[in-house]
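Asker: In case you want the letters, here they are:
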Amino acid sequence: MNPRGSSLVLSLVFAVVLVGGLVLERIAGAGTALTAIVVARTVLLLAVVGWAATRMAQASGGRKVLWRWALLCYVVGFVGLLLYTAQSELGTRLLGTALSQSSPKLAVVSQALFPALLVLSLLPLALLEASAAAMARAPVLETERAHGALFSGLGTAFVLIFSFSAMYVATQLDKTWDLSYFRTAKPGESTRKLIQGLNEPLQVTLFFPPANEVGEAVAQYFRELGQDAPQLQVERLDQAVEPSRARTLGVSTNGVVVFSRGEQREVLTVGLEIDRARGQLQRLDQEVQKRLLTVARPRRVLYLTTGHGERGDGKAAPGETPRPGIGQLKELMRAQNVEVQPLGVAEGLGSEVPRDAAVVAIIGPTKEFLQEEINALREYLNKGGRLWLALEPEGPSYDALVEPLGVRYVNTLLANDQVYFRATRQQSDRANLATAAYSSHPSVSTLASLGGQAPVAFLGSGAFETRSNPQQGLGLDVSVRAHEATFVDKNRNFTEDEGEDRRAWPLVMAIDKPIQGSKEGMRAVVMGDSDALADGVLPNLGNAYLALDTLRWLTGEEALAGAVSSEEDVPIQHTREQDVLWFYATVLLAPAVVLGVGFFVTRRRGKRGPRVAPEGGAR
Amino acid sequence: MKALLIARREIAGYLRTLSGYIIVAVILAVNGLFFNAFALGKAAERSATVLSNFFYYSSGFTIVASVFISMRLLAEERQAGTLPLLYSSPVRDRDIVLGKYLAGLAFLAVYLLCTLYMPLLVMVHGKVSVGHIVAGYAGLLLLGSASLAVGTFGSALAKNQLMAAIITACMLVALILCWLLARITEQPLSSVFSALSLWNQHFPPFQAGLVHLRDVAYYLLLTYVALFAATRVLEARRWR
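The listed protein sequences derive, respectively, from chains A and B. Numbering of the first sequence is given in UniProt numbering, commencing with residue 1 and proceeding in unit increments. Numbering of the second sequence is given in UniProt numbering, commencing with residue 1 and proceeding in unit increments.
One should not assume that every hint holds.
[Claimed, not checked] Taking lysine to aspartate or glutamate and the DMTMM-like style, the derived pairs with C-alpha atoms no more than 20 Å apart in a straight line are:
#1 A:Lys64 x A:Glu142
#2 B:Lys127 x A:Asp275
#3 A:Lys64 x A:Glu144
#4 B:Lys127 x A:Asp178
#5 B:Lys127 x A:Asp569
#6 B:Lys127 x A:Glu568
#7 B:Lys127 x A:Asp579
#8 A:Lys383 x A:Glu520
#9 A:Lys383 x A:Glu372
#10 A:Lys193 x A:Glu557
#11 A:Lys186 x A:Asp569
#12 A:Lys490 x A:Asp501
#13 B:Lys127 x A:Glu263
#14 A:Lys186 x A:Glu224
#15 A:Lys490 x A:Asp429
Hints in this document: simulated from the structure, not taken from any laboratory.
Build out the structure end to end from the sequences listed, making use of the hints.
Answerer: See below:
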């Protein structure tokens, strides 16, 4: 094409005025400046269109065809701009009223058409000019090439318009599939045992409207729980339909479960919206068990000794790092319908242990007990009492406390350089023992059934040794042992040195002794580390079950032991061994396998190779 | 069907040389390092968080892998001077583009399949649903598909493989940075830029196990537009 006849300059002017005008309009905002810009832009574009029409009229042959297509693109773009202007402030002034008010449908159509027309104008125009530029020095114009470019641009513009429209429709549909982890908890072993052990009817009333998703999930849970449990009576009501029944049970809304037995009543609020009720449904078994224990079983009292620097006992001295408390343990006890009470000299420990004590717990004392207190505790044990003792390797001598139990506390720190929990990634982490070595004793029955799935963490533990001459009748069972590579770290350098033997040290021991006149006799559990029951460590599944099983055995409710079903997400605990395994598996093993396969495949192909033609060209 | 023939030839090209395996192995190793260092973390993270972190890092590696895979698709042919041979063969331009793209996608899918053991490890040690893993991988595949299509377009524009990689990277970065533009512009442009954002707007739901129709539509449409544009670039030889 002859450069003198090219529409390239005009097309550039058209595109710059069109796009630049829109940008300037956004910058100007409103008022006279806006009007001036719109007027100038419209006049300039009209001039471009007029000039193109004139050139087309003057041109002939292939050049005329090119001008016609360029003019068509200008007109389409100009119409798009007019649609845009009709909705602007200037358009409102010209039309007398806003288009969105006078004709809302037309306003929406023009809103959608304006960008579509701009794309339909500028994209084909750009490709048309590119094609024309390629023929700038050609003696004869090939209109077919320009035609191809124009249609290519049109096709691309239509694809863009289709894509944006489809995207808009998909966004408006707002369809979502939630595949993240969510499941309603199923009745756990422990809750089933609790229900099956009922000797009186227990009424459970579910208040949910019909066809409610949360209601269905809760009803399904109770259907499963009610199997082989004739004393459990489940009824589903709609609070809106049965307001008087609901009022009798103290309920004023739906989305509630009421547990009642005689005069006793407990309420569990779940909610009606599945998204909000998710958390409750995931730990439904836990929540139900908590209420069942309150309604179906008598309340027991656990006394926590105070005044000897026990955990959760007052504030740390100035300059000392506060030790983690046992708030979570207390919460766990309350959930088991156990009342937690303090017991110190002020509460009469100097003379005797209160008669209503189901268990006496001594958690992490850092000072020695008075002789009077020890006498009171010994007397309590001799009468068939229950003692829960969690000690500290940094503490004083506990000999007077543990001597009647037939054990000796080795208050030297244990460490393990092979299996331990990582916390700070320092050598001191080796004192964070992890173990899943449990006996079959009822005080750890759930842990024994879970095995490696629920390792217990002891953050700086001492160990126990059996005395050579324990009292007659004492039954001693090592319920939790340390990993066999654990050593007594006498010099606290977290490395095994000479004389620091590796052994499966006893960490927890269960002791019992039959007592005349007492049904179940004396029971005691001694733990080498009170950190295992402290806040922050107790949420670990193994530690939580250690506390629960211990409590159940001490209170004589070991028959209820068993896992509570929970579908809540769990933190991934990784010991050093697992860390190493994960590291090698992810960083080395998989890439090595890929390389191995690649090597095998390429080598095999290489061996096959192309056949060499026999000498002489014979085939 | 002709596209499938081209795809088969291309896949055979990937598998015949050790370089394809080396690319997958290197990306896998780096992905594994990130999984250990950042996804698992120092503290005991919840399994859903670990899985989400894994998909977060994997999305980055998927984009990088797409650039590497796509750079050779058409640019290599042009660089080696074999593109006219393809033009002269009885296949349409769209078959060439589709065949090359499908081969790249199959290779990317193999890479993604190789990373599957990482979420499975999380599944063994924690509580995650198969659905979450499926959603995450669907997101990775869709993100990879869109990135690969953009790469195919870049490869069609470039004269050599290096330029193809640079052009693709520029286009992908521009698409990723659309979320920044969305923040500084006003409506309706901010909505347009926000919808165009390759990662920020559309990938995080997949990470969390959520599949939104709009995100699936976005990746499929971006793939379609990019492949269409790549076809148009090949066709442009007729009118340029």
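Asker: For each hint, tell me whether it holds in the structure or not.
Answerer: Now for the hints, and whether the structure bears them out:
Only pairs whose Cα atoms come within 20 Å are accepted, and lysine 64 (chain A) paired with glutamate 142 (chain A) is accepted, the gap being roughly 12 Å. Note on lysine 127 (chain B) and aspartate 275 (chain A): the hinted pairing holds, with a Cα-Cα distance of about 19 Å set against a maximum of 20 Å. Between lysine 64 (chain A) and glutamate 144 (chain A) the CA atoms are separated by roughly 13 Å; this keeps the pair inside 20 Å, and the hint holds. Among the hinted pairs, lysine 127 (chain B) with aspartate 178 (chain A) is consistent with the structure: their alpha-carbon atoms are about 16 Å apart, no more than 20 Å.
With a C-alpha separation of about 6 Å, the suggested pair lysine 127 (chain B) and aspartate 569 (chain A) falls inside the 20 Å cut-off, and the hint holds. Of the supplied pair hints, the one linking lysine 127 (chain B) and glutamate 568 (chain A) holds, its CA atoms being roughly 8 Å apart against a limit of 20 Å. A hinted pair counts as satisfied when its Cα atoms are at most 20 Å apart, and lysine 127 (chain B) with aspartate 579 (chain A) qualifies at roughly 18 Å. For the suggested pair lysine 383 (chain A) and glutamate 520 (chain A), the alpha carbons sit about 11 Å apart, so the restraint of at most 20 Å is met.
Straight-line distance between C-alpha atoms of lysine 383 (chain A) and glutamate 372 (chain A) comes to about 17 Å, which keeps the hinted pair within the 20 Å bound. Under the criterion of a C-alpha separation no larger than 20 Å, the hint pairing lysine 193 (chain A) with glutamate 557 (chain A) is consistent with the structure, at around 11 Å. Distance check on the hinted pair: lysine 186 (chain A) and aspartate 569 (chain A) sit about 15 Å apart at the alpha-carbon level, within 20 Å; holds. Between lysine 490 (chain A) and aspartate 501 (chain A) the alpha-carbon distance is near 10 Å, which keeps this suggested pair within the 20 Å criterion.
For the hint linking lysine 127 (chain B) to glutamate 263 (chain A), the alpha-carbon distance of about 40 Å lies beyond 20 Å, and the restraint is violated. The hinted pair formed by lysine 186 (chain A) and glutamate 224 (chain A) meets the criterion: a straight-line CA distance of about 8 Å does not exceed 20 Å. Between the alpha carbons of lysine 490 (chain A) and aspartate 429 (chain A) the distance comes to roughly 16 Å, so the proposed pair stays at or under 20 Å and holds.
Violation of the numbered hints given earlier is confined to hint 13; every other hint is satisfied by the structure.
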